[in-house]
Amino acid sequence: MTDSLKQLAVAVASNSADKTRAAAKLISRIADRPETVPQLLAYLHDAPQPRLTLGITGAPGVGKSTLTDAIITEFRRRYPDRLLGIIAVDPSSPTTGGAILGDRIRMMRHASDPNVFIRSLASRGRLGGLTGGIMGTIRVLGALRSDIVIVETVGVGQTEVDVQNIADLVAVVLAPGFGDDIQLLKAGLLEIGDLFIINKADRPGAQELQAALESTMTLNAEINGTKRDDKPTVFLTTATDGVGLVDVVDALERQAEVRRNQWHQRRSERSMDAIRRALIDSAQRRFMGALETNGTITEHLHRVLRGERSIDAVVQELLNHVASSLPKT
Amino acid sequence: MSDRPPQIRVLIGKAGLDGHDRGAKYIAHILRDAGFEVIYTGIRRSPEEIVTTAIQEDVRGIGLSILSGAHLFLFQRIRELLEQQGAGDILLFGGGTIPSADIAKLKDFGVSAIFTPGTSAETIVQTLRGFFDQTSKAP
Numbered sequence: 001m002t003d004s005l006k007q008l009a010v011a012v013a014s015n016s017a018d019k020t021r022a023a024a025k026l027i028s029r030i031a032d033r034p035e036t037v038p039q040l041l042a043y044l045h046d047a048p049q050p051r052l053t054l055g056i057t058g059a060p061g062v063g064k065s066t067l068t069d070a071i072i073t074e075f076r077r078r079y080p081d082r083l084l085g086i087i088a089v090d091p092s093s094p095t096t097g098g099a100i101l102g103d104r105i106r107m108m109r110h111a112s113d114p115n116v117f118i119r120s121l122a123s124r125g126r127l128g129g130l131t132g133g134i135m136g137t138i139r140v141l142g143a144l145r146s147d148i149v150i151v152e153t154v155g156v157g158q159t160e161v162d163v164q165n166i167a168d169l170v171a172v173v174l175a176p177g178f179g180d181d182i183q184l185l186k187a188g189l190l191e192i193g194d195l196f197i198i199n200k201a202d203r204p205g206a207q208e209l210q211a212a213l214e215s216t217m218t219l220n221a222e223i224n225g226t227k228r229d230d231k232p233t234v235f236l237t238t239a240t241d242g243v244g245l246v247d248v249v250d251a252l253e254r255q256a257e258v259r260r261n262q263w264h265q266r267r268s269e270r271s272m273d274a275i276r277r278a279l280i281d282s283a284q285r286r287f288m289g290a291l292e293t294n295g296t297i298t299e300h301l302h303r304v305l306r307g308e309r310s311i312d313a314v315v316q317e318l319l320n321h322v323a324s325s326l327p328k329t
Numbered sequence: 001m002s003d004r005p006p007q008i009r010v011l012i013g014k015a016g017l018d019g020h021d022r023g024a025k026y027i028a029h030i031l032r033d034a035g036f037e038v039i040y041t042g043i044r045r046s047p048e049e050i051v052t053t054a055i056q057e058d059v060r061g062i063g064l065s066i067l068s069g070a071h072l073f074l075f076q077r078i079r080e081l082l083e084q085q086g087a088g089d090i091l092l093f094g095g096g097t098i099p100s101a102d103i104a105k106l107k108d109f110g111v112s113a114i115f116t117p118g119t120s121a122e123t124i125v126q127t128l129r130g131f132f133d134q135t136s137k138a139p
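First to last, the sequence lines map onto chains A and B.
Just so you know, the working numbering puts the end of the first sequence at 329, numbered straight through with nothing missing.
Just so you know, the working numbering puts the end of the second sequence at 139, numbered straight through with nothing missing.
Excised from the complex, chain A in its bound form (with noise of 0.2 Å):
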């Protein structure tokens, strides 16, 4: 309970024997104390990444977490020597602030498998369909040499789309009997997706929507002027049996074979952006702790609205009185 951060990041890049607890805590930390993530990406700055980082997104039902168990087993079945992390989000009550998570219970054949590591993770209020800290779940589990990573997102509607800043593709699971064309034409969900997959494809309707699909990538491309070669692909699955499986894997793998320096850039650039958004908390912090302790706060503001003083002119005054007051840390 008492390791500090770092030890336990320490222990999760080691090859120690309690490594998979250490990254079980470490996650348990970042979910309690989303803001320490910058501080985890420089302890893990050195340690290994996932290969690929999955995003499985889409509507409350379609097989989201069926869909991830049938992945899972295609892949072990291809590596069986390597590792994969799953983190499955389910939401948070917002009156109780406690959850039920149970995206597991679809993968319980995994749970005994060593190679494959599953963490459950509530939204805690956070709206787009993952929760605090994400990416530094992310590292923690490539940090214990998962070669994959899958990030399956709570069960969203049209604009909960946070996973395509965590995720290098991104998979918009859908299912027949969710609404006709004009749902597709919808912007949100269907724009974030690298491919798409119809799921539960054994039911009536999963031909049509299909087809529906189809068209709108087609006129999207036509619209963007993008080639059609480029348009996402749509898949048709049947999870609980393992059907199409074989197809989607093969396609990820393309993908990840195609476009993995475009990902290491990306994932530099949102490493970049955590900081930086850190450092922006941290300076807005500091700022106002020695303003608020100065009690001058009030005084200014009224200056200002009573036309004394321009914003511009207080704000220079304060940083100036701040820069002399802060204390050196």
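Please note that the accuracy of each hint is not assured.
So the derived label-pair ranges between C-beta atoms look like this [what the hints assert, rightly or not]:
{"id": "1", "chain 1": "A", "residue 1": "Thr240", "chain 2": "B", "residue 2": "Gly19", "range": "18 to 26 Å"}
{"id": "2", "chain 1": "B", "residue 1": "Ser68", "chain 2": "A", "residue 2": "Thr159", "range": "29 to 37 Å"}
{"id": "3", "chain 1": "B", "residue 1": "Pro117", "chain 2": "A", "residue 2": "Thr159", "range": "40 to 48 Å"}
{"id": "4", "chain 1": "A", "residue 1": "Gln207", "chain 2": "B", "residue 2": "Pro5", "range": "50 to 58 Å"}
Keeping only pairs whose Cα atoms sit at most 30 Å apart, straight-line, the calculated BS3-like set for lysine-lysine is [to be verified]:
{"id": "5", "chain 1": "B", "residue 1": "Lys107", "chain 2": "A", "residue 2": "Lys25"}
{"id": "6", "chain 1": "B", "residue 1": "Lys105", "chain 2": "B", "residue 2": "Lys25"}
{"id": "7", "chain 1": "A", "residue 1": "Lys19", "chain 2": "B", "residue 2": "Lys105"}
{"id": "8", "chain 1": "A", "residue 1": "Lys6", "chain 2": "A", "residue 2": "Lys19"}
{"id": "9", "chain 1": "B", "residue 1": "Lys107", "chain 2": "B", "residue 2": "Lys25"}
{"id": "10", "chain 1": "A", "residue 1": "Lys25", "chain 2": "A", "residue 2": "Lys6"}
FYI, nobody ran anything at the bench for these hints, they're computed from the structure.
Glycine residues also receive a C-beta, built at the ideal position from the N, C-alpha and C atoms.
Given chain A, work out where chain B should sit, using these hints.
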């Protein structure tokens, strides 16, 4: 900000061959309403699956609902596996049809609490909170 307490996470599940999960679901529900994060594993899990899940999920406690009569074997096996994997600090608790003579035996090998049928939701939540508060204060 640094006094924010860690979120309490617990595993609720059923081990062995008995498939009556109403009790387990009830406990999962009341713990969720008490603000816990509950990892629900469903029915027919092996002790190995439960322990691996508990470690990956970093839970503070494992609660098992057992109606099959196999409680002595299952709890003892899970306790052993936890110790072997350096996770002996994870609490065990249970509920179901467990004869009172066996409750003492279970406590002897480290099961912290057994909630027999009729125990109120409030008692269960308060007892568990009491355990977790103690373990957070321990060095």
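Lying within 50 to 58 Å: is that true of the beta-carbon distance glutamine 207/A to proline 5/B? holds (52 Å)
Pairwise hint evaluation, lysine 105/B against lysine 19/A, where the allowed Cα distance is 30 Å at most: Judged against 30 Å, a Cα distance of about 33 Å means the pair is violated.
Hint consistency between lysine 107/B and lysine 25/B [alpha-carbon to alpha-carbon, up to 30 Å]: holds (24 Å)
Measure nothing beyond the straight line between the CA atoms of lysine 107/B and lysine 25/A; if it is 30 Å or shorter, mark the hint as holding. holds (27 Å)
Given the range 18 to 26 Å, decide if the beta-carbon distance of threonine 240/A to glycine 19/B lies inside it. holds (20 Å)
Between the beta carbons of serine 68/B and threonine 159/A, is the distance compatible with 29 to 37 Å? This hint is violated: roughly 46 Å between Cβ atoms.
Does lysine 19/A sit within 30 Å of lysine 6/A, going by the straight-line distance between their CA atoms? Distance of about 13 Å is within 30 Å: holds.
Taking 30 Å as the top limit, are the C-alpha atoms of lysine 105/B and lysine 25/B close enough? Answer holds: lysine 105/B to lysine 25/B is near 26 Å, not above 30 Å.
Between the beta carbons of proline 117/B and threonine 159/A, is the distance compatible with 40 to 48 Å? Holds, since proline 117/B and threonine 159/A (Cβ atoms, about 46 Å apart) stay within the stated range.
Quick one, are lysine 25/A and lysine 6/A close enough, alpha carbons at most 30 Å? holds (12 Å)
This entry does not satisfy hints 2, 7, going by the numbered hints stated previously.
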